[in-house]
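K.L.:
Sequence:
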Amino acid sequence: MAAKNLVIVESPAKAKTIEKYLGRSFRVVASLGHIRDLPKSQMGVDVDNNYEPKYISIRGKGDVIKELRKEAAKADNIYLAADPDREGEAIAWHVSHILGLDPTAKNRVVFNEITKDAVKNAFKSPRSIDMNLVDAQQARRILDRLVGYSISPLLWKKVKKGLSAGRVQSVALKLIIDREEEIRNFKPEEYWSLDAEFQKGTAKFAASFYGLNNKKMDLKDNAAVQDVLKQIDKKKPFAITNVVKKERNRYPAPPFTTSSLQQEANRKLNFRTRKTMMLAQQLYEGINLGGKEGTTGLITYMRTDSTRVSSVAKAETSKFIHEVYGEAYAAVKIRQGKLQEGAQDAHEAIRPTSTLRTPKSLESVLDKDQMKLYQLIWNRFVASEMTPAVVDTVAVTIEQNGATFRANGSHTKFPGFTTLYVSSRDDGEKENLLPELAIGDAVKLVKTDPAQHFTQPPARYSEANLVKALEENGVGRPSTYAPTIETIQKRYYVKLTARRFEPTELGEIVNSLIKEFFPDVVDIKFTAKVEGELDAIETGKADWVPIVDEFYKPFAKEVAKAEVGIEKIQMKDEPAGFDCDVCGAPMVVKMGRFGKFYACSRFPDCRNTKAVVKEIGVVCPKCGIGQLVERKSKRNRTFYGCSRYPDCDFVAWDKPVGRDCPVCGHYLVEKRGRGGMQVVCPNNDYKEAVAKS
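Just so you know, numbering that gives the first Met the number 0 puts 413 at position 414 of the sequence shown, and the rest follows in order with no gaps.
FYI, nobody ran anything at the bench for these hints, they're computed from the structure. Positions of the beta carbon are idealized from the N, C-alpha and C atoms, including for glycine. Take these hints with a grain of salt, some might be off.
[To be verified] The following label-pair restraints were derived from C-beta to C-beta distances:
#1 C647 / K524: 52 to 60 Å
#2 D62 / F638: 51 to 59 Å
#3 D648 / E573: 48 to 56 Å
#4 K571 / N607: 15 to 23 Å
#5 I615 / T240: 55 to 63 Å
#6 G59 / E362: 32 to 40 Å
#7 D648 / P152: 38 to 46 Å
My request is simple: use the sequences and hints to build the entire structure.
P.N.:
Rendered as structure tokens:
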């Protein structure tokens, strides 16, 4: 017998999970994401007719649409259960249009977690499609299309084919290049520190120079240090002139939002943003737990700006903490989640669907990476419901002849939430125990340790820091960060060097053109303002057409000026310094989609090309003749291969060090572990630490 109720979701994994909860009278199928979109071959927006979008069925989705219509014809009731956000609402609206459903019908079902109770409760109160959410998504899509399909063709004509520009993408690129310019223009300044070791009885402790005559003083050069040292009488004791003891509470971080999850997974787990979101999607859509539970969603919806937590989840977690850790660890006062300015409170924070599903209990059903991310989410959430850590601090002032040193000590009196979780920002915090000191105590100066330093330029953005910068500036939304970062790398506008973003020559050219001719597109405040207007559309406070019109009219004038004003940029080829081994003509360095490569200067008559490789100073362990070179895979991952390829096919993902294992004779490689970089043998457990340079 055919199912009377048809449910349409985006993904097969989600469909499989939900179908188990709803029973035989429900058939759940997947649309595989969007089924309608703007055409790829043209702008697809009628700028003269209220920016009317021209939607078409996505190429390759014909069979999916045919199957949806077939299933819909057999069903008495049709429910649209795409994800509970703008994108999900738009998918439901497009499916509704394709199937000819009544747009006001109450057939939209939303749930924040894919668990049996949440799904069944959601089907008790379906609603109609929220056109405010749909319009907010349409406005973003149309704005991005107007920008991308206006600037990208200009870049193709004036710079090179295959380039692109976008609203959020262009701002992300500008942030990276602005930081690079800060680094280039940075002028280091000298400064000195003066540390000292003091002794009371048998106990020794460290302190740092503070100032002279109770005034803070910066040590700008060695002469200033020597003046301080001259003022100190090394034969006389120092006196303790002030002791301040305090009890400080350290509060846990709130549970994850999308952005904070992306940042923390990057810092703690070394996960790329896209990988984090892919794994979170799997945990949300459902994992087969076996037994009675079957396939169950393990976390709540992973696209959220909110740290709000339901009272039910709080109660369950409080009971768990009482039973497992004890009453002293369970927060007495209920903490309310906070919202950042401009955030939408449509969902809860990212949390486990049940605290009782501990990471330990899921070891047999989660793969290694799923387990790492689930543990991170579970630990952070449970810790957020625990008591603060209590830290005893002491600040001591030590003086002699007007020279003042200060020492700070800390000791954890009660660990509280830190028993379970410490955020990456606080990972480096260490306790510093001072001996018992009182005002009037005499202490002996054991030694001084002056050191020269130079101010350092700001660091390049890591993926975590770039996400943080985009969020703090109100640019884009958490769901857009992963595709944005992926695009600027795919276009070779930036590259990752030691896990930090470095702009390429091509990226700097594109950024300078957009800055000059389309200043609003890369203006951070303007882009944040547009995001605020999209939020206003979502809440029904604004209409999308005037907002798009306000953006597009001045932008269209900029496009017309740029058509005339941008001169053709020739990407000059650099001499490679050697000749083509096919025809003998000089080889040159060209810029391609994946970076620089060698090509014959007689192209297209001679099509000889070679990869630009970097020798690592190690002889190939396989043939013993060629040099090992650093290469890039198609996915831009670094690997090491023999320079004599294809005559020698040696390859390794980890960098060989040019020595053999003393245990088995296999070549040794460098590998990053928890303790930093190590030299290891891939064949056994042999390892050695790499000395820091």
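K.L.:
All hints, please: hold or fail.
P.N.:
Here's how the hints hold up against the structure:
1. Look at C647 against K524: about 56 Å separates their beta carbons, and that is inside 52 to 60 Å.
2. Against the hinted window of 51 to 59 Å, the Cβ-Cβ separation of D62 and F638 comes to about 38 Å, which falls outside the hint.
3. Take D648 and E573: their Cβ atoms lie about 30 Å apart, and the range 48 to 56 Å is violated.
4. For K571 and N607, the Cβ-Cβ distance of about 20 Å falls inside the hinted range of 15 to 23 Å, so the restraint holds.
5. For I615 and T240, the Cβ-Cβ distance of about 57 Å falls inside the hinted range of 55 to 63 Å, so the restraint holds.
6. Our hint of 32 to 40 Å for G59 and E362 holds, since their Cβ atoms are close to 39 Å apart.
7. Evaluation of the 38 to 46 Å hint for D648 and P152 yields a pass: the beta carbon distance comes to about 43 Å.
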